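> The lines below spell out each chain.
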Amino acid sequence: KQEVTQIPAALSVPEGENLVLNCSFTDSAIYNLQWFRQDPGKGLTSLLLIQSSQREQTSGRLNASLDKSSGRSTLYIAASQPGDSATYLCAVGHNAGNMLTFGGGTRLMVKP
Amino acid sequence: NAGVTQTPKFQVLKTGQSMTLQCAQDMNHNSMYWYRQDPGMGLRLIYYSASEGTTDKGEVPNGYNVSRLNKREFSLRLESAAPSQTSVYFCASSEWGLNTEAFFGQGTRLTVV
Numbered sequence: 001k002q003e004v005t006q007i008p009a010a011l012s013v014p015e016g017e018n019l020v021l022n023c024s025f026t027d028s029a030i031y032n033l034q035w036f037r038q039d040p041g042k043g044l045t046s047l048l049l050i051q052s053s054q055r056e057q058t059s060g061r062l063n064a065s066l067d068k069s070s071g072r073s074t075l076y077i078a079a080s081q082p083g084d085s086a087t088y089l090c091a092v093g094h095n096a097g098n099m100l101t102f103g104g105g106t107r108l109m110v111k112p
Numbered sequence: 113n114a115g116v117t118q119t120p121k122f123q124v125l126k127t128g129q130s131m132t133l134q135c136a137q138d139m140n141h142n143s144m145y146w147y148r149q150d151p152g153m154g155l156r157l158i159y160y161s162a163s164e165g166t167t168d169k170g171e172v173p174n175g176y177n178v179s180r181l182n183k184r185e186f187s188l189r190l191e192s193a194a195p196s197q198t199s200v201y202f203c204a205s206s207e208w209g210l211n212t213e214a215f216f217g218q219g220t221r222l223t224v225v
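Going down the list, the sequences are from chains V and A.
Under the working numbering, read the first sequence as residues 1 to 112, first letter to last.
Under the working numbering, read the second sequence as residues 113 to 225, first letter to last.
The set of hints was computed from the structure by calculation and includes no laboratory data.
In this text the structure is predicted, and so the values were computed from the model without any measurement.
We put the beta carbon where it would ideally sit given N, CA and C, even for glycine.
Fair warning: there could be bad hints in the mix.
Computed list of lysine-lysine pairs in DSSO-like fashion (alpha-carbon distance at most 30 Å, straight line) [said to hold, decoys possible]:
hint, chain 1, residue 1, chain 2, residue 2
1, A, LYS121, A, LYS183
2, A, LYS169, V, LYS1
3, A, LYS183, V, LYS111
4, A, LYS169, V, LYS68
5, A, LYS183, V, LYS42
6, V, LYS1, V, LYS42
7, A, LYS169, A, LYS126
8, A, LYS121, A, LYS169
9, V, LYS42, V, LYS111
10, A, LYS169, A, LYS183
11, V, LYS1, V, LYS68
12, V, LYS42, A, LYS126
13, A, LYS121, V, LYS42
Derived coverage of chain V by chain A (criterion: at least 3 residues anywhere in the stretch with Cβ under 8 Å from a Cβ of chain A; other residues may be distant) [said to hold, decoys possible]:
hint, segment
14, 21–34
15, 75–82
16, 99–111
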């Protein structure tokens, strides 16, 4: 059974800092990996989707990498801002059950 | 651009009552999903519909039924609500299965007393 782990569970940084969020998964036979943002009491917003054949994706200040062989992905946030404060979730797509398996999330707080 | 719309946003049920959670998407997506989110358990798939006319069980289907009414709408029904079904429910859609980006609704917070 695929398991997805995100470390750390919570992170607090000062504004302007570059930071890395980690995601690991146990089964490397994945379709893709997706990073989401969730604000309190809200739904999930898709940030980046990396297909299994890709190594990384970039959108603005966000860069996500994927290393299937080691079962890891990282989300790099450059020049963090208070508006980046949210919970970040990674999810692995795999064919079994046509579903996404989610990690527990990293709760990020960026202090002004 | 509404995206994925869920109704209601909040609901309180008594044990044994039934209700249907509604979901509609306006992105012409083929695939739709229902997840539940619980503290310490993350998001788990209840049911999905890969395309109009098909539905399949996910990780935690017991106690739920679904209907893909048409391409736009995918409803989740609780026939006899139990306190263990207290959760936040999210509907999601994607253009075509897992190869494409998933879009989520704002969620329905359900409490069963």
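> So, for every hint listed, does it hold in this structure?
Hints versus structure:
no., hint, result
1, LYS121(A) x LYS183(A), "holds, 22 Å"
2, LYS169(A) x LYS1(V), "holds, 16 Å"
3, LYS183(A) x LYS111(V), "violated, 43 Å"
4, LYS169(A) x LYS68(V), "holds, 27 Å"
5, LYS183(A) x LYS42(V), "holds, 25 Å"
6, LYS1(V) x LYS42(V), "holds, 28 Å"
7, LYS169(A) x LYS126(A), "holds, 25 Å"
8, LYS121(A) x LYS169(A), "holds, 24 Å"
9, LYS42(V) x LYS111(V), "holds, 21 Å"
10, LYS169(A) x LYS183(A), "holds, 18 Å"
11, LYS1(V) x LYS68(V), "holds, 16 Å"
12, LYS42(V) x LYS126(A), "holds, 25 Å"
13, LYS121(A) x LYS42(V), "holds, 10 Å"
14, 21–34, "holds (count 3)"
15, 75–82, "violated (count 0)"
16, 99–111, "holds (count 6)"
In terms of the numbered hints stated before, the structure departs from hints 3, 15, listed from lowest to highest.
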